[in-house]
Amino acid sequence: MKITDEVIEHIAHLARLEFEGDKKVTIKEDMERIISFIEKLQELDTENVEPLIFMSDEVNVLREDVAVDTLTQEQALSNAPKKDSDYFRIPKVLG
Amino acid sequence: MMDLRTFADVKAKLTNGSSLVDIVQVYLGKIQENQDLNAFLEVFETSALEQAKRIDQKRAEGKAGRLTGMVIGLKDNICFKDHKISASSKILEGFTSLYSATAVERLLAEDAIIIGRLNCDEFAMGSSNENSAFGPVKNPLNKDLVPGGSSGGSAAAVASGMCTAALGSDTGGSIRQPASFTGTFGSKPTYGRISRYGLIAYASSFDQIGPFTNSLEDNALLMEIMAGKDEMDSTSSSKPVDDYSSLVPVGKNTIAVIEDCLNHTGIAADVKAKMDETIEALKEAGHTIKMVRFPYLDYMVPAYYVLTTAEASSNLSRFDGVHFGHRSMEAQGVEQTYKKSRSEGFGPEVQRRIMAGTFVLSQGYYDAYYTKAQKVRAVLKNKTDEILKSADFILMPTTPSSAFAIGGVSDPIQMYLQDIFTVHANLTGNPAISLPIGKDKKGLPFGVQIMARNFEEKAMFNFSQSILELRANSIQPLSKNN
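Protein chains in written order, with our numbering: chain X, 1 to 95; chain R, 1 to 482.
No lab work stands behind these hints, which were simulated from the structure alone.
Be careful, since some hints might not be right.
To be verified - Mimicking DSS-like on lysine-lysine, the simulated pairs with C-alpha atoms at most 25 Å apart in a straight line are:
no., chain 1, residue 1, chain 2, residue 2
1, R, 143, R, 30
2, X, 23, R, 90
3, R, 90, X, 83
4, R, 229, R, 381
5, R, 81, R, 53
6, R, 441, R, 272
7, R, 252, R, 389
8, X, 82, R, 84
9, X, 40, R, 381
10, X, 40, R, 383
11, R, 389, R, 283
12, R, 283, R, 84
13, R, 58, R, 11
14, R, 30, X, 82
15, X, 2, X, 24
16, X, 24, R, 90
17, X, 83, R, 84
18, X, 83, R, 81
19, X, 82, R, 90
20, R, 272, X, 28
21, R, 383, R, 252
Said to hold, decoys possible - Derived list of chain X stretches under chain R, where covered just means 3 residues or more per stretch with a C-beta under 8 Å from a C-beta of chain R:
no., segment
22, 11-24
23, 27-36
24, 46-58
Using N, Cα and C, we set each Cβ at its ideal position, and we do this for glycine too.
Only chain R is shown next, with the shape it has when bound in the complex (with noise of 0.2 Å):
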């Protein structure tokens, strides 16, 4: 049966005559055939061809939205109403969402189909899947492989052709690193563009949706029905939203490269050498690089790990074993039902994170290493905002490297440095895109990443393509019969 890739897929299916029911059991298929990958927690089977039922009648009355036959993944910490969702946790096992993520409302009122939740990183902390309760997802271009992480599952069931796009969540690099390590688009808006609203908090100053999907197009027409003011989110923006999906074409633009990135010590010799060949393309095709410092790559996990570990202590203290999720059998008063539930409920990287956390804002620490944190995140916005005054965009590699096998990296602070390129964008707040841009020796993907100036999405889109265009001739498709 032919692949459902893109929207544009869909859409030619739609047009031979394929009902959305169809479109749905296509995709239910493929959910069967990838189940090893380990991409979905729950299939959504019953509601998604109720929801295509309904939508086949719309589209009879000439009603139907603007997403009709878009069919999509939630990652585990996005929440769709009366249906399951976990976090990727024992302690939220059997918890029953009340309502939807006002993300997800908007793809919903578009008519936009749900299939089911993705597999993820327990809480979203994580970069390989491997901190799932529920076990690790496996890249499905080497299922030896990690699909890299937080949003693991998202980027998978994307890559393997199971949905037409999925919702992830990215903290530090959770949907930008694993759609370099699957060859998709993976994109998060600037913090405030989409509203937070039913995503389950991990850092509140960092977190923000956005999605995962197998061509630019997709990518832009779902951030851009997803963007705007929320009266449920106070930090969602009410600056107007742009018509990302239009993707015109760019004049000649001034673009800053980070040697720093580029001249990072863990830099795989073949991700090095596609930045340098995507440099020549561009200034070849009459952009201008500029080629710029930014002495702070070292200090920029450490402060975003600092300033994470602290919110989510705080954001994950609701769960209590009282009012909804796991509480332990074992427990005796008050006290035991919070220690014992909590210690009982979160794997081991969530009790870290929340131990650090708890660590940097007690009395005594709380200057020396959140404030200071807090501090050098302004530091690093500041010289952020300079280069961005004198270039449009700044270009550096998603990943240090292609996917790394499962188990392949042990050590925690190993794991954090995975996302040395991308926390940058969530330090600062940034929207930022992670493309395809090539494979390695191995045949593995790996992607570019593009920053734009704050609520610059639409040019950041329309960059993208300009960066598609160029390549055209060195992206190989990715293999449609994994």
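If we strip away everything but chain X, and leave its shape as in the complex, we get (with noise of 0.2 Å):
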């Protein structure tokens, strides 16, 4: 399968990742390989086969509904890259 720079770019943004120069070059390459190699999908006939989308066996698996502090204020913002005393930190959104 073809795969042109709109459909990279698509996907790109939908993934939120950025390919610019070579790596643009390097990964429409990838995607053309790796899409062939899927392809082979194709062949196995699965007609009247119900996906599986399920591994686990529980079902209804349910609790009850109480609220629970699991973490602080504190500890939910110690890994941000930037935050204030209360909150995460991003830039600017309105000019």
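With the hints as a guide, bring both chains together as one complex.
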């Protein structure tokens, strides 16, 4: 399957990744090879086969809906790349 | 100084009057000696020695748990509270776990000591440990070779005696393949047998935590202690856990051998010969061998690849540069923060898999690839269940060959095919173990793999014991002086 620049740009945007220059050429080639590799699946007859979605036999695993403090605010913020005393900080959104 | 390869070695030393602090010191010495392997990303020296002192106190009071003396390394994707974890990725460099994985909690509750975190392929994506952002791991048996992956650091650490055991995670063979390449024991339980809480997710319907050890007993014991229902993982099974570690002898079994595996073109002559030899020995011992067809070998890695990349693309969307992990300094605005942080933070193989996974889930391709792969998964599971109706176990090689050279496999698709015999158990959810069965002409170890029915870990370990007894004369103990 031929992968166009537009497809790469579209998928990269969905994945929130960026590929420019050589990296874009490489990922395009890789994607073409990977897609021809997985194309193999089309050979197998799966008519009337239901997709296997859940691997666990457990059904309706429920628990009481009780509020529990699992982390303090300080802990939750502790790994943030940028924060203030109460919040995660992100770059300015509105001009 | 005497090597402490197994829990039995440690217990003997404790009986002779050593303290746990002495035991930890032995391992710290070994870690120091083997630094060039690049197996440990971080040694938790201070906390390991504190744990040792605390458990020495409990021993004095006669209150110490079942794993007293067991010193364990963790793959760098399994959380240990207040310790760093990175999944061998730049994107998580500097991240500190806020809680411990349930598997780790259960080991700690039995007084195991955690000695450090072990290198692996970034986000467990790889078969050679060459995809780590912190450099490749070397195989302790020959430093020009890979230890296998993705749990390569765990395998190397156990094979070289830097800890009594290590935890890995297995999504497509990431425990069993490195176990094969390093002459260690590595197992993955049935999907849902060990809680995934605190394991950094790669592909959630495939991932399982499991142990690496230098003995079958240690492997069974760790599996037994980690297994069981956990309310923090709703996919964990509520079935009761058997006493795997008792290793009671089994009677005569029926063992299925997949012809398509034995006749696979990629299989090395020495591996094939050892398989044939093992089959003959099993027959002589009175077991029944049943040759079966499984005409899906060429579909397994593609199906595995579609489903795991799809799940990975979803799981790894949480790395956004906002709440934790790397944030690009160049980014302006929210969208650039996401894109630049992720593009700078993830390595090439992780980006490749996120792209492939996003593609197979995208509009227009979802049914053709993702749903199709789920249907293929159903076909594989049905056929495997059918084989295991008339046989107790499936026997196959763990890997087509022994360890390959660092830099020896550069093509991504050739690398994916390294997992050809191991992805089976993850696609179908069955428990499987790799046992060191022999060495090839180059003197390198390789494993034999046993797959069992779901939740029949006990039978799997018992049958493993039978195989080891059969092979006792031909399995050379691995060199203790690596």
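Do the hints match the structure? See the list:
no., hint, result
1, R/143 <-> R/30, "holds (16 Å)"
2, X/23 <-> R/90, "holds (18 Å)"
3, R/90 <-> X/83, "holds (20 Å)"
4, R/229 <-> R/381, "holds (23 Å)"
5, R/81 <-> R/53, "holds (19 Å)"
6, R/441 <-> R/272, "holds (13 Å)"
7, R/252 <-> R/389, "holds (16 Å)"
8, X/82 <-> R/84, "holds (18 Å)"
9, X/40 <-> R/381, "holds (18 Å)"
10, X/40 <-> R/383, "holds (19 Å)"
11, R/389 <-> R/283, "holds (20 Å)"
12, R/283 <-> R/84, "violated (50 Å)"
13, R/58 <-> R/11, "holds (16 Å)"
14, R/30 <-> X/82, "violated (39 Å)"
15, X/2 <-> X/24, "holds (15 Å)"
16, X/24 <-> R/90, "holds (21 Å)"
17, X/83 <-> R/84, "holds (20 Å)"
18, X/83 <-> R/81, "holds (22 Å)"
19, X/82 <-> R/90, "holds (17 Å)"
20, R/272 <-> X/28, "violated (38 Å)"
21, R/383 <-> R/252, "holds (24 Å)"
22, 11-24, "holds (count 8)"
23, 27-36, "holds (count 6)"
24, 46-58, "holds (count 11)"
The structure fails hints 12, 14, 20 (numbered hints given earlier, in ascending order).
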